[in-house]
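S.K.: These protein sequence lines are chains A and B, in that order. All residue numbers for the first sequence refer to our numbering, where the first residue is 803 and numbers rise by one. All residue numbers for the second sequence refer to our numbering, where the first residue is 2 and numbers rise by one.
In short, the hints are calculated from the structure, not lab data.
Capping the alpha-carbon separation at 27 Å, the derived lysine-lysine pairs in BS3-like fashion look like this:
| # | chain 1 | residue 1 | chain 2 | residue 2 |
| --- | --- | --- | --- | --- |
| 1 | B | K314 | B | K80 |
| 2 | A | K858 | B | K261 |
| 3 | B | K287 | A | K858 |
| 4 | B | K379 | B | K416 |
| 5 | B | K559 | B | K616 |
| 6 | B | K515 | B | K559 |
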Amino acid sequence: MQRLLVGVWLVLSCALARADNIFVQSVEFASNDGEYYLSATFNIGLTPPVENALNKGVPLYFVVEFELIYPRWYTLYFLNKRIAGFEQTYRLNYNALTRQYRLSYGVLQQSFDTLTDALDVLGGIREQRVLTDSRLDEGRAYEAQVRMRLDPTRLPKPLQVYAFGSSMWDVSSSWFRWTVRP
Amino acid sequence: MNRALIRVRKWFMDRSMRYVVAVALILGVAMLYLLSVASTDTSQFATHLPLLLGLGVAIVVILMFLIGFQFALMRRRLKARVFGSKLTLRLVFVFSLVSVVPGVLMYGISVQFLAGSIESWFDVRVDSALEGGLNLGRVNLETGLQELEQKADSMAVHLSDETSVSRVAVLNQLREQAAVHEAALLSPEGTIIAFSGLDTEELMPVVTNPSILRQVRLHRSYRAVEEIGYQQLQLRVAVPVSQPSGETEILQLVQPVSQKLARDAAMVQEAYRDYQELSLSRHGLKRLYTLALTLSLGVALLSVLLLAIMFSKRLSAPLGFLAAGTRAVAQGDFSQRQPVHRHDELGVLTESFNTMTRQLSDAQTAAQRHQEALSAAKAYLESVLANLSAGVLSFDEHFRLRATNLSAENILGAKLTPLIGTSMQHWQDNAPKLVSIGAVARTRFADQDEATWEQQIEVETQTGKQVLLLRGSRLLEGDEKGYVIVFDDVTNLLQAQRYAAWGEVARRLAHEIKNPLTPIQLSAERMQRRLSDKLDVADSDVLSRSTQTIVNQVSALKGMVNAFSEYARSPDPDLAPVDLNGLVLDVLDLYEAMKPRLSVELADGLPAISGDSAKLRQVLHNLLQNAEQAVAISSQPQIIVSTSATENGAMLSVRDNGPGFPEQMMTRVFEPYVTSKSRGTGLGLAIVKKIVEENNGTVRISNPEAGGALVEVCLIGAASGTLDEQPLAMNH
Chain A
803 MQRLLVGVWL VLSCALARAD NIFVQSVEFA SNDGEYYLSA TFNIGLTPPV
853 ENALNKGVPL YFVVEFELIY PRWYTLYFLN KRIAGFEQTY RLNYNALTRQ
903 YRLSYGVLQQ SFDTLTDALD VLGGIREQRV LTDSRLDEGR AYEAQVRMRL
953 DPTRLPKPLQ VYAFGSSMWD VSSSWFRWTV RP
Chain B
2 MNRALIRVRK WFMDRSMRYV VAVALILGVA MLYLLSVAST DTSQFATHLP
52 LLLGLGVAIV VILMFLIGFQ FALMRRRLKA RVFGSKLTLR LVFVFSLVSV
102 VPGVLMYGIS VQFLAGSIES WFDVRVDSAL EGGLNLGRVN LETGLQELEQ
152 KADSMAVHLS DETSVSRVAV LNQLREQAAV HEAALLSPEG TIIAFSGLDT
202 EELMPVVTNP SILRQVRLHR SYRAVEEIGY QQLQLRVAVP VSQPSGETEI
252 LQLVQPVSQK LARDAAMVQE AYRDYQELSL SRHGLKRLYT LALTLSLGVA
302 LLSVLLLAIM FSKRLSAPLG FLAAGTRAVA QGDFSQRQPV HRHDELGVLT
352 ESFNTMTRQL SDAQTAAQRH QEALSAAKAY LESVLANLSA GVLSFDEHFR
402 LRATNLSAEN ILGAKLTPLI GTSMQHWQDN APKLVSIGAV ARTRFADQDE
452 ATWEQQIEVE TQTGKQVLLL RGSRLLEGDE KGYVIVFDDV TNLLQAQRYA
502 AWGEVARRLA HEIKNPLTPI QLSAERMQRR LSDKLDVADS DVLSRSTQTI
552 VNQVSALKGM VNAFSEYARS PDPDLAPVDL NGLVLDVLDL YEAMKPRLSV
602 ELADGLPAIS GDSAKLRQVL HNLLQNAEQA VAISSQPQII VSTSATENGA
652 MLSVRDNGPG FPEQMMTRVF EPYVTSKSRG TGLGLAIVKK IVEENNGTVR
702 ISNPEAGGAL VEVCLIGAAS GTLDEQPLAM NH
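Using the sequences and the accompanying hints, generate a full structural model.
M.R.: Spelled out as structure tokens, the structure:
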């Protein structure tokens, strides 16, 4: 089993333009037998209204997005060719009856007594397979990016209106980018 | 071309404006519908809510822009004082008032109601009831957990006592005694030592979380309510089992919560969650509904305003047309027809306006035709008057001259046109003859009984008397009272009549006188022949002298009678071109004896005149004889014969320094048998005048200031034709 560390360990400073609530603590991008795996650690901080809503029983949906891009110098960024994309949605809710936080990911569920435990588990992406080698060309430079954000469109509708345009409800990280050379 | 272009552009602008407005309104309505759907339904519209709101704001902005544009247009029309723009503004104002006030009122009420109703959902009692329900469920579950833990504790005591015998059987027995759903005995590492379950299908126990194992190994029991599915709960308790060997084994009990309880608890929880969601988002809801309401109000009101402006324009547009039409009619353009598109009162008004302009146009055409006919008739009348040989004068009731014709001017020898509108005292200087006519007319018209009258008057002229025959009549037609005088110059006619009469008398007289003359002469001669021998010398001398006297007198009488008959005979003249100067010199050759007192002044380059040379010689003879006789008594006799050119011919003048024409005879010198001389037939000047007139000429006499007499004979040139243009001819 050959592991090739392509990505970097990175402790992000807070010197980012946006007032992020989620920081990328570390990213590991490794290939193994032609398949690429992503591991990332997000440091998630909830704003008071979001935490309040969670504790009142409102389910929160977090999305982890990964994209691999072949950048072309002559196009604008958003027109660049997307080689691969990966998106994973996590659902976090609080059961007032059992006083437990519950993290759901697909069919898997996990309960936590404290919010910190739940967020720790939520923020850790472990060896997620994101793409296979066959789609990449040897020797080319690709750009990879990853981020995690709270999906506001899956909030209850009245809350959406309330949250619309409010920075207190904007829980997300910036795109974290690095270069991939297969 | 340019105007047409502007009209086309305007039409397009109107058209496109209409479409823009229609599109904006449709968009607005669609937006409102979507908004209402989105704010009540949790379908996919919810995700597009921000988009919808943005669209609404955009539509409101577009509508405001359109309204601003329309207001700018209206302002421009107001400034340009376009007719009907004030009415448009007032209509817009009224429409807006009628729509905006209730709209805003409804809006206010709705917002208030909305806020009130949303707030009314949230109640402290509901809040605490839900909280209580939730707590009830929690307590219930907690109680179950405590019971399960007590059972687990007692089971753990039993299990720790038991050492060697089959632990599965013990566990099974204990589980049945405690009536627990599932029991498992685990090693500290988590491997299953013994397992007992009520449900035979579930052979394997639920896998235990390593963190729980860790917790229990530290002799802290674990208990929790776990969600295992939709509305399904189970209680899990794990307690340490101390073994004599010092090892700590773990007993895990799992007991499902009764389904009814689980369902009720879940329902309470869901209700609690929903309530909390609403409570959290009530500001958002209020904001959403208020925003939607405001947008709806904005779209509705602005649309109404826009429609109000457009309808007002449409309503007041016919007024503008009518105003333009009225202005055009005022300026005399009756061709204005406005299209009628509507069936209301304004349409009827426009229709009536069109009818009016059509009638006006017809009336104008008729009046024009009438005017033309009138002026044609007038022109005809004027041409008749102008070509009338008789002079026509018309006066108003105060005897001011009103109208005249060309013949009147010719007969009176004066320009009458400047005198029109003046009364009698102004006529003396320019037209003295008119004064005499006026005086006669005045006296005759004074007699009220006479409608028409006729009178012959004589007026003095330089060339003699002019006889005018006046015929007067009153004008009684209509309001225009006045008098008309038609007059003819009958001088020539009278003279001709007189001449004819004299000619006849002369001819008869000559004939009657001539007949006895020859017997008288013959008788006298025979008497002398027979008696001269028989008488003595003295008597014979007497007889001879007497006979001679008789014969002489008879021959003189014969000459006189011949002259009479000559005058009366008047053969037609034989007109031919004549050289006046040559004729004068020929005649003067015969007057050698007069040479010392005769001077001749002949002009060069005279045109040949038209005349009968033999008769013209007679004229010159007569004039020279008259002059000779006139100067006989003078101490220094002088006769001047001269010729000169005139406008259309030549003039022959004979002047002497005799006594001149007697003043009292001036007007009648050309009549036969009028003479100032003791001897003479009085036919000389009469014959001169007769011959000259036969030759289309004129003769004029005068006594110059220097003394003597002057006779001027004007003869027309052979080239020129008629007598009409001769200025002097008018006086005769």
